[in-house]
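Kindly generate the complete structure, drawing on both the sequences and the hints.
One-letter residues, chain by chain:
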Amino acid sequence: MSGRAQPLIIGAGPAGIRAAEALVEAGLRPLVVDEAPACGGQIYRQRLVPDERSSVALYGSEAPKAERLHRDFAALAGKLDYWPQALLWNLRDGKADIAVGGASRQVAYDGLVLATGATDRVLPIPGWTLPGVFTLGGAQIALKAQGCAIGSRVVFVGSGPLLYLVAWQYMKAGVSVAAVLDTAPFSAKFNLLRGLALEPAVILRGMRMTAELRLKGVALRYGVRDVRIEGEERVGGIAWREDIREMHLACDGVGYGLALRPETQLADLAGCRFRFDARDRAWLPECDAAGRTSVPGVYLAGDGAGIAGADAAELAGERAGLALRQDRGLPHAPERAAAIERSLARIGRFRDVLELAFPFPAHWARDMADETLVCRCEEISAGEIRRAAAHFGTGEINRLKAVSRIGMGRCQGRICGSAAAELLAAETGRSVDAVGRLRSQAPIKPIPLTMALAQPQAEAAE
Amino acid sequence: MSRHLDIDVAIIGGGLVGSSAALALRGMGFSVALLDKGYCGAQASGVNYGGVRRQGRPPEQLPLSQRAHAVWPRLKALIGIDGEFLRSGHLKLARDEADMAALEAYRRSVAGLGLDLELIGHNGLRERFGWIGDNIVGASFCAGDGHANPRLVSTGFAAAARRAGVHVLENTAVQAIARNGPGFALEAGDDLRLSARQVINSAGAWAGAFAETFGEPVPLSRIYPSMVVTEPLDPVMTVNIGMEGGGIYARQVERGNCVVGGERGLPLDDPDFSRPRGEGALAIMNRTAELFPALRHAHAIRFWSGTEGAMPDRNPVIGPSLTTPGLIHAFGFTGAGFQIAPGVGEVLAELIRDGASTTPIEAFSIGRFSTSARTHPGSGAGQNAEPQHAGESRS
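Line by line, the protein sequences are chains F and C.
The numbering of the first sequence is our numbering, which starts it at 77 and goes up by one.
The numbering of the second sequence is our numbering, which starts it at 10 and goes up by one.
Be aware that a few hints might be false.
[To be verified] On the chain F side, residues computed to face chain C include the following (Cβ under 7 Å):
no.	residue
1	F468
2	T526
3	L529
[Said to hold, decoys possible] What the simulated footprint calls covered on chain C by chain F, stretch by stretch (three residues with Cβ under 8 Å from a Cβ of chain F suffice, anywhere in the stretch; the number is not a length):
no.	region
4	277 to 285
5	288 to 294
6	298 to 307
7	310 to 322
What the hints contain is simulated information worked out from the structure, not anything from laboratory work.
C-beta: ideal position from N, C-alpha, C; glycine also.
Here you go:
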């Protein structure tokens, strides 16, 4: 490492941990920066306070993977630097601004692995901002990290494998699950049979969960549309349509999500080139099978590069670590790398199947009622967005942001950006890629005004 | 398959200057094309700080500034939106007695020019603006100044121009321009050819190349003012704030966010884009928390920066070309163009129609750079300006 700065890894989930392991194995000493207080990422998130729940209760069939990952990261202690509860809020010219312990440290890095993961993808629906409505991921974290349920009688609605997984986890935890409302028709699920050849264990696990939900009397409804969450002060029920039938259920908690969206702000700040991905209906940073981006020395791994799940994230993290090693002239295990790429390709084909089984209801944006709130941070409705686009003659998403404030608030468009793009596309009669990509700005998340600039650390830049 | 447009006036650059000129010219009956290499109002005009301020301008700018002053309250009638214009007043703070003396001297230098400046001492500040930190010794108040939302105003002028019948051509960069008989021939975008009797060069930080084409090189540099925006807060700041000598300027918008500037960003690999420096943004954030104690616990949610054309003497270039009949320049506002731009647009329209303006603009002639003038990108000119007017951002 003589004279070179540390490699920097952002995220201590499955991808970040495996990348760190690959770097340490070659004698490098990476700095791992993570927002969470403990490693594991979202999927293998650890409890804030230890309780009596077993690992199996927390992670189900994935408990061995979670335990192994936590254990392997702990074994790296002393061989890397690890900053938990730290936010990388700005990236520029090979330097990272990291908020940690109330101060901001500027860290020079040589090699950057972005393992930033994903957040829930949502399209606004009536009532989605009522207290008691959580994203599927949020509902899962409440249960996993805090041992809380989001209600005493809960409905899960949306699309994606997480829909059934979270419902099953709530049922297992003893919460009354009133229904699972899937936006896709039942016929879409036949696509999963094609996934049997690619990932049999995943498909069988899904089938088992679905069967157990049914057995416990949880209503599983398919092809739901016109979903409305009802209530005055908080969630009181949920209404939807199925064929021509109006349906309604009383509940006090709703978990909602339409699969996941990659967190790509840092890749954008790092200067990575983006491409539109038709499967994810999103702009993703370009990268090759090893995770190399268009910017030399910047690598992507895990769901932040495109949704592929936790198993793929572990593989991609290791692969990106090997790529960084190779690019630094270190041993890079080419056979292992090739094997990983084959596995990732298979998982990629599996993802195609999943997308067919859990399609994104993009038309929800087109059909959204004018009064539906789209941007929670800035309180902007679908109608206001449509009027701004029409008044200013705007057909580009960054210009829409300028004239409507959409995406300018605390979340910087991470929640509402895709919905705004879908709305603008529908409004201007174009495809969603034609309205452009919402550019990222620092700080990627809010930072306190009083945060001081810390003096450079000797360990950070040699 | 090239398209052809035959018009009276081609305007290069759809910022606030170009789009307000386009609207005014259309109102006079001219046929107008407004050309922008990107989106109208997406550059300096649209991403500046948003100060609508006469106070602090050199006396030679004040006739123009006063003319613009009359336009701002009429935005609703003119472009259909008020642009969140608020006549809040502008308060320029003094950190010490030397600053206070400078404010007093400025007040004397602009006496009789319509600013009605009021000097306020420490006790007066405590009484009227108790939300400002205690270490400020005094201030100069201009009650008629205010602030507005640049994202809306600049884009709004271009949209109004389009509705009025201006050919608004976005993503249409001017590739070539030359004299052609009594007028000009332009090539723009992929396949557009224009014939225009007259041309306005209002291309902001990109205007130097067009001036140079006609034998008028100018020492135009680029600056990258950068802004910090807080989360929405309860009403705190009742006025637009500036500081004698620069360093910080701040306003609170109706939505509750405080917008604070005072540092410069840096260009990206593509120098048309820029971003704030992390350490610069932190410095501004810390200064904000110190100057406004009520903001101590607030968070910054957003930064932006942009590319702005700057002149070494901090005055813009406004007026007819001295080499080429029919060409008029208006650029180089050096961080202080937002307030003045709607007035400049009217003046440009008069110059096109009458060959002269009723507002004095001689001080801004391009002739002042006629010897040994060159374009220096990034020379850092105007470093101590108090920018109201930043530049293109990635937001």
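Going down the list of hints, with the structure as the test:
no.: 1; hint: F468; in the structure: holds (5 Å)
no.: 2; hint: T526; in the structure: holds (5 Å)
no.: 3; hint: L529; in the structure: holds (5 Å)
no.: 4; hint: 277 to 285; in the structure: holds (count 4)
no.: 5; hint: 288 to 294; in the structure: holds (count 5)
no.: 6; hint: 298 to 307; in the structure: holds (count 5)
no.: 7; hint: 310 to 322; in the structure: holds (count 4)
Comparing the model with each earlier hint shows no violations; every hint is respected.
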